[in-house]
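Peer 1: Each chain is listed here by its residues.
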Amino acid sequence: MPALGADMEQGRVVEWLVKPGDYVHRGDMVAVVDTEKADIDVESFEEGVVAELLVEVGTIVPVGAPLARITQTPAAGAPVAPPPAPAAPVPAFAHGVPTPAFVSPPVRQLAHRLGVDTDVVRGTGKHGALTRADVEQAAAARSAADRPPDRPPAAEHTPAPKAAPPATGRVRSSPRARRVAEILGVDLTAVPGTGAEGAVTETDVRSFAAGPTVAEPVEKPVTAPVAPTARPAAAPTDAAARAAGLRRAIGSLMTRSKKTIPHYYLSTTLDLRAALAWMEHQNAARPVAQRLVPAALLLKASALAARDVPEVNGFFTEGSFRPSTAVHLGVAVALRQGGLVAPALHDADTLSLEALMERLRDLVSRARGGRLQRAEMADPTLTVTNLGDLGVESVFGVIYPPQVALVGFGRVREEPWARNGLLGVRPAITATLSADHRVSDGLRGGRFLARVDELLQKPEEL
Amino acid sequence: MTEQEARAAVYAAIRQVAPDVDTDDLDEGARLRQDLELDSLDFLRLIETINEATGVDTPERDYATVTTVKALITYVAEHG
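From first to last, the protein sequence lines stand for chains V and C. Read in order, the letters of the first sequence are residues 1 to 462 in this note's numbering. Read in order, the letters of the second sequence are residues 1 to 80 in this note's numbering.
Hints may contain errors.
[Said to hold, decoys possible] Covered stretches of chain V, going by a simulated chain C footprint (3 or more residues, C-beta under 8 Å):
(1) 308 to 318
(2) 426 to 434
[What the hints assert, rightly or not] Here are some chain V residues the structure puts well away from chain C; computed CB gaps all over 12 Å:
(3) F208
(4) R322
(5) V333
(6) R361
(7) R368
[Unchecked claim] A partial selection of chain C residues facing chain V, derived with a Cβ cut-off under 10 Å:
(8) D20
(9) L26
(10) E28
For the record, the hints were derived by calculation from the structure and aren't laboratory data. Beta carbons are placed, not taken as given, at the ideal position from N, Cα and C, and that holds for glycine.
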């Protein structure tokens, strides 16, 4: 289970995109993981044959837990045929089968670190040799057994009803519908939607809650609910828990940020006349689908400036700053149901405005639809928040650890503007920078904002 | 285009861009940005969707005139 953002501690596998016997390349999407923020497509970090899926759909596992075993060379482990390979027979950890297997030093070290007794683990490598996977699996099996709350039968079965909506369906629904669902304790995934593209409306929620479907009898709790009957009991917690989970994730990450990052803040107001005039001129000649929005120009200028001032672009981890050569801009996207995510616009500094615009539209629509990719969650090297349309002049953001800066843009407004002894009216925007004092000072931070300003004065070069 | 047709096109586009907005009891005085909470990308998709359905192109210089649902319906009716 990869960490999909600094704030993630666990994830739920909601769909497997591969099955045992499938050949996967590095980078192939293999599973969909539900975090508190979105459904994330997770790719394989290895190439080989999927020997075994270690986590059932619906199970929540901590970050770092193995999800599947991939055999590097088909010959060594699983034959390419679907049957789940010799290794599959349940856990590789069989009691009292003392098979003294060959254990290579790195594997022994791993076993030691994970507290796995190599004598009781059956090797699946060549001539019964113990592999890293055997050890990891034994450790996972053991920790699962040690921690009953993770895998009580009920927890394993509740997802069954969830599996019903197609394609891991994140339910399309309105903020109002969600709020009402939360108040009424209705599981949105169970409500048949009558809105556009099956979206669940407020009316749907209310009629579902009122409807005769499930009368939530009082006598229920006593009859230890198993499997399918568990659904009404599980339902009320689901929607509420999800909303609360997202808020909690944001809260704990921002708390960590404020506790560990010594923020400093800078602000400057930029003249946008040149940028907007150029953009309007461009847009006049473009079909609607290819028009630009001011955000695209602001993002591109920020990305280019970040390349010039590397102290704002990278990660602070293990006590030191590692600047990033690539600029992956995290774009803060407000979710219509509340909360926000900031997925990455990869290599934003190298994209043409047209390409950036296209990627931005795609990214935002997927973020809102709740379907992002692992790299988009993990990669941002600098986040930009643009509260442009909603009316405030400036925003001083909280840095997303392990990043070291956050750029904020307010709304575009008309301002009296003095220049060369003359007063005029110009479109203006306030750009801010929240940055990490462990990495940079106001002088360098100021250089970044000044660079954004310069770049926006020559929009045709963006 | 009749106002009825324009209304149908605008409502359909709103439902597509903001599936959570219930067009059955929509106040047509609602402002697209502030009340329906459409951001600039949503707005672009809205006029793009309307353009595909009706052929009405809303150039950028007219953005300022179509800030409410009602104004957008009127605009589409006049230009369709």
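Peer 1: Next step is simple, just say for each hint if it's right about the structure.
Peer 2: The hints, checked one at a time:
no., hint, result
1, 308 to 318, "violated (count 0)"
2, 426 to 434, "violated (count 0)"
3, F208, "15 Å, holds"
4, R322, "32 Å, holds"
5, V333, "9 Å, violated"
6, R361, "6 Å, violated"
7, R368, "9 Å, violated"
8, D20, "2 Å, holds"
9, L26, "12 Å, violated"
10, E28, "18 Å, violated"
In summary, the numbered hints that this structure violates are 1, 2, 5, 6, 7, 9, 10.
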